[in-house]
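Novice: Listed below are the residues making up each chain.
There are 2 protein chains.
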Amino acid sequence: MPDAAPRHPFDEAIHLAPADPGPGTVPGGRVYTGHTHPAYANMVGPFGGITAATLLQAALIHPQRLGDPVALTVNFAGPVADGPFTVEATPLRTNRSTQHWAILQRQGEEVTSSATAVFALRRDTWAATELACPEAPPIEALPRTDVGAIVPWTRQYEMRFVHGPLIGPARPDDERDSRSLLWLRDEPQRPLDVAALAALCDAFFPRILIRRPRRVPFGTVSMTSYFHADTAQLAAQGSQPLLGEARASHFGRGYHDQTAELWGADGRLLANTHQVVYFKE
Amino acid sequence: MPDAAPRHPFDEAIHLAPADPGPGTVPGGRVYTGHTHPAYANMVGPFGGITAATLLQAALIHPQRLGDPVALTVNFAGPVADGPFTVEATPLRTNRSTQHWAILQRQGEEVTSSATAVFALRRDTWAATELACPEAPPIEALPRTDVGAIVPWTRQYEMRFVHGPLIGPARPDDERDSRSLLWLRDEPQRPLDVAALAALCDAFFPRILIRRPRRVPFGTVSMTSYFHADTAQLAAQGSQPLLGEARASHFGRGYHDQTAELWGADGRLLANTHQVVYFKE
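Each protein sequence line maps, in turn, to chains A and B.
Residue numbers for the first sequence follow the numbering used here, so the first one is 12 and each next one is one higher.
Residue numbers for the second sequence follow the numbering used here, so the first one is 12 and each next one is one higher.
Careful, some of the hints might be misleading.
Chain copies aren't distinguished; within one or between two, either way the pair holds.
Unchecked claim - With a cut-off of at most 20 Å between alpha-carbon atoms, the simulated EDC-like pairs for lysine to aspartate or glutamate come out as follows:
1) LYS291 <-> ASP79
2) LYS291 <-> ASP135
3) LYS291 <-> ASP188
4) LYS291 <-> GLU141
5) LYS291 <-> ASP241
Read the hints as simulated data drawn from the structure, not as lab findings.
Please construct the entire structure, taking both the sequences and the accompanying hints into account.
Specialist: Written as structure tokens, this is what we have:
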């Protein structure tokens with residue numbers, strides 16, 4: 012009875028059920044219903060990473076899906092209230108080896124998040140990694156960070172910081188930088204797949220919190236992730252920790268960018284991820 | 012008679028005229044018609060940057076527009092044939108200081124490109140730039156690159172390479188890297204605005220051409236740009252050259268990522284831009 016086995020909270024959180032498409036759905040579009048999960052709650056609404064994974068999931072389970080995700084952009088349009096939502100996934104165009112998606116999350120009539128995704132059938136080609144995998148002590152040598160008292164979703168991730176923790180020693184702003192280097196993985200442990208990887212791409216705290224810790228409003232407005240591993244390569248990672256490095260290049264006029272990489276335990280680059288973050292003051 | 016003055020080819024290329032919205036348009040959506048421009052032709056179809064600028068233009072001229080673009084993602088879904096196209100821009104959600112857009116380019120019934128954009132009313136906040144502006148000799152000290160014999164659109168840009176030109180000395184693959192550093196601007200010169208900046212974000216050649224020059228098929232499938240300057244700050248750049256730096260982190264299984272920055276003449280970071288590029292072999 013595999014259905015009776017307890018599911019990982021991540022799988023509960025991204026679970027979508029087919030729904031009545033309704034009158035406005037375009038050809039090929041499918042509507043699913045989901046529900047926010049308390050384990051992945053943020054200060055207001057859900058953790059952005061779980062929203063990203065849920066929107067991607069709507070394309071992953073769509074009957075017309077082709078291949079694996081290569082690119083995912085999620086725009087956080089407004090707060091998601093605790094409760095039910097719908098996700099509408101539409102394959103805009105399916106080519107021989109690529110597929111383009113539009114995905115909308117709604118609560119009532121209001122769009123709460125939008126996404127686009129590119130899927131592809133991948134095959135072997137020439138390969139090279141130019142970026143060097145950062146050096147880090149083994150995960151066992153580092154203390155575990157617990158910031159779960161502040162936001163519930165962080166309890167769903169094991170995080171061990173090499174550099175740039177959320178709660179670090181007080182330093183003047185001009186001696187700080189926005190770089191973080193950490194080991195991270197799902198908690199409880201869970202074999203890696205692309206939905207989990209999409210969520211991990213948002214598990215780096217917004218860099219404004221690292222660079223200039225103040226109690227000011229902030230939030231990711233748009234996030235784009237590029238995936239460099241297919242289903243089999245991700246499955247081979249199992250539940251080993253990933254090494255993540257994040258930094259910002261510019262803060263100003265209420266927004267900052269953020270760039271990060273997620274490296275597999277074997278030193279393979281699994282994803283690049285970029286976002287733009289709103290901050291006040 | 013300002014209307015009689017000759018327009019810059021860029022403004023001709025991104026020109027959109029209001030069209031009949033048609034039966035399938037959602038509330039708030041506006042449909043415009045445009046036409047490919049021979050000056051911005053690529054090997055097949057138009058230069059991706061001019062498509063990105065054209066899709067952004069549909070939101071910029073939409074009567075419900077709020078503020079300036081902060082983030083733009085363009086997905087290149089299929090080839091754009093020389094000729095007319097439509098662009099449908101829909102404000103998915105307008106908040107007090109942010110606005111979320113979905114934009115579709117079509118030829119006939121077929122989606123050729125899709126985009127999302129986040130616009131925002133920006134205001135002064137704490138600011139810092141962590142990334143260092145790369146050092147480069149003055150533009151006058153460098154020779155001008157002409158690759159216009161290969162693809163028409165490159166004649167629309169003045170490009171002067173400090174490092175990583177398209178056509179460089181032959182070297183073994185393992186001695187090459189994918190980094191380019193160059194001065195670039197519109198040709199003929201044109202005062203900078205966000206549409207031109209969105210196009211310039213794609214004016215870096217796909218890194219596979221720099222790292223491993225081979226005659227193999229390639230093409231950008233998705234591009235995301237973050238803009239760090241508002242209308243007034245871009246206008247202050249005038250037609251001075253921008254300094255651009257681009258590199259890839261990973262090539263493999265038919266795709267590579269690419270990251271670049273565009274710096275203003277005053278050393279101000281104007282945009283970060285990221286893309287994922289298909290390549291064969």
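Novice: Next step is simple, just say for each hint if it's right about the structure.
Specialist: Going down the list of hints, with the structure as the test:
1. LYS291 <-> ASP79: between (37 Å within a copy, 17 Å between copies)
2. LYS291 <-> ASP135: Classified as between: cross-chain Cα gap 9 Å, same-chain 46 Å, threshold 20 Å.
3. LYS291 <-> ASP188: within (19 Å within a copy, 39 Å between copies)
4. LYS291 <-> GLU141: between (36 Å within a copy, 19 Å between copies)
5. LYS291 <-> ASP241: between (38 Å within a copy, 17 Å between copies)
This entry satisfies every hint, going by the numbered hints stated previously.
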